[in-house]
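There are 2 protein chains.
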Amino acid sequence: MEDYMKVGKVSDAVIRRLPRYYRELLVLRTQGVERVSSEKLAARMRLNASQVRQDFNCFGGFGQQGYGYNVTSLLSEVRRILALNREYKLVIVGAGNMGHALANFEGFANDGFHVVALFDNNEALIGKEINGKPVLSVATLGDYIRANGVDIGVITARRSFAQELADAMIEAGIKGIWNFAPIDIEGEVAIENVHLSDILCALTYRMEHGNEAEE
Amino acid sequence: MEDYMKVGKVSDAVIRRLPRYYRELLVLRTQGVERVSSEKLAARMRLNASQVRQDFNCFGGFGQQGYGYNVTSLLSEVRRILALNREYKLVIVGAGNMGHALANFEGFANDGFHVVALFDNNEALIGKEINGKPVLSVATLGDYIRANGVDIGVITARRSFAQELADAMIEAGIKGIWNFAPIDIEGEVAIENVHLSDILCALTYRMEHGNEAEE
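Chains as they are written, first to last, in our numbering: chain A, 2 to 216; chain C, 2 to 216.
Hints in this document: simulated from the structure, not taken from any laboratory. Quick reminder that beta carbons are idealized off the backbone N, C-alpha and C, glycines included. Possibly wrong hints are sitting among the right ones.
[To be verified] Straight-line C-alpha distance at most 16 Å; calculated EDC-like pairs for lysine to aspartate or glutamate: (1) C/LYS129 - C/ASP144; (2) A/LYS176 - A/GLU88; (3) C/LYS90 - C/ASP144; (4) A/LYS176 - A/GLU187; (5) C/LYS90 - A/GLU209; (6) A/LYS41 - A/GLU25; (7) C/LYS176 - C/GLU107; (8) C/LYS10 - A/GLU209; (9) C/LYS134 - C/GLU107; (10) A/LYS10 - C/GLU209; (11) A/LYS176 - C/GLU209; (12) A/LYS90 - A/ASP144; (13) C/LYS176 - A/GLU209; (14) A/LYS90 - A/ASP112; (15) C/LYS10 - C/GLU25; (16) A/LYS90 - C/GLU209; (17) C/LYS41 - C/GLU25; (18) A/LYS176 - A/GLU193.
[Unchecked claim] Interface residues of chain C toward chain A, partial, derived using beta-carbon atoms under 8 Å: (19) ILE16; (20) MET208; (21) GLU209.
Kindly generate the complete structure, drawing on both the sequences and the hints.
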């Protein structure tokens, strides 16, 4: 266990900013930038510098006064904090349009996320391949997860099946669930419930009240 | 202009919680609940009661000590704050799997979001219908937005086209952009850039560090 893992609770807002830092640092490294100040990093992310320093202080700092952050080592720390220094096997449950879109999504593989199979209950889809991955019967979901050590289950099925599918995956040992059905899945593993309508409502808020929200 | 519009900047975290309040209040109203305390509302949302009171205080309060919140009137206030007390016309640019999935998404219409057309540059798709909506040539995008008073443009096209499409829509008078291409779109309108990989990274963070993040 690293030191930064011993820190107390980290706010949800900080957790959500970490992947953004990660993306910005990837761009900086691609551009050959060796070090970056909290001011410059903040400007790229439309934050302020003290916010950036405070965020990294949650994990022990990493910066040096008057020097800033070394891009390569900060990137490596953020990768480690986000647990991206390993590979993950994903299954997608629901081989409809959303499942299709996620199976084809550009960029997941770069971060170590590998879709290994899709599952559906539609006989017309079972046996087909999507982006080279097999579509299997949802009846075999639990066995597949156990046999293949799948880490993450993505749910793109209908709302009415979502909790039941989550329960079956958790029972089979899945470690994380990414749910797109418009319902809050519950369970004793890490869960991200994505409510697409919520994002749209945040957009209409900004359309009405202006784009001036603080971070 | 209402009083709550005169308050200062509202934090991004509060804006993101508003749609969740909205969903919880809809459920409570459906259940026939007339009033709810900040404690009960907080428990449903896994927040604490003072956070709930503080959030609504950003907009002027709405609660009454010893009584709590009237569900119907709080719901109506939240709808108004989120600007959901009107209808919105959406176009989806990119009629691939993600465009398809969004055009079919259950629930948008309930909140007043109406997909009126999809756009693509693929001749094989142009002229077809998806969920009863026409797929039109992207060459006609600006004219369509102007002629039909479209409010929101959803981008599900490839990363390399995304900014250009956004510029064309803004030029044609669009008021908000919901972007799914893995790039930060910029422009002088309300914009929500959804980075699907970021959500996955937040999930792996929780898988590694536990689910105990504060709100």
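Now for the hints, and whether the structure bears them out:
no.: 1; hint: C/LYS129 - C/ASP144; verdict: 19 Å, violated
no.: 2; hint: A/LYS176 - A/GLU88; verdict: 13 Å, holds
no.: 3; hint: C/LYS90 - C/ASP144; verdict: 15 Å, holds
no.: 4; hint: A/LYS176 - A/GLU187; verdict: 13 Å, holds
no.: 5; hint: C/LYS90 - A/GLU209; verdict: 15 Å, holds
no.: 6; hint: A/LYS41 - A/GLU25; verdict: 11 Å, holds
no.: 7; hint: C/LYS176 - C/GLU107; verdict: 23 Å, violated
no.: 8; hint: C/LYS10 - A/GLU209; verdict: 13 Å, holds
no.: 9; hint: C/LYS134 - C/GLU107; verdict: 15 Å, holds
no.: 10; hint: A/LYS10 - C/GLU209; verdict: 13 Å, holds
no.: 11; hint: A/LYS176 - C/GLU209; verdict: 9 Å, holds
no.: 12; hint: A/LYS90 - A/ASP144; verdict: 15 Å, holds
no.: 13; hint: C/LYS176 - A/GLU209; verdict: 9 Å, holds
no.: 14; hint: A/LYS90 - A/ASP112; verdict: 12 Å, holds
no.: 15; hint: C/LYS10 - C/GLU25; verdict: 24 Å, violated
no.: 16; hint: A/LYS90 - C/GLU209; verdict: 15 Å, holds
no.: 17; hint: C/LYS41 - C/GLU25; verdict: 11 Å, holds
no.: 18; hint: A/LYS176 - A/GLU193; verdict: 12 Å, holds
no.: 19; hint: ILE16; verdict: 5 Å, holds
no.: 20; hint: MET208; verdict: 4 Å, holds
no.: 21; hint: GLU209; verdict: 4 Å, holds
Taken one by one, the earlier hints fail for this structure at numbers 1, 7, 15, listed in ascending order.
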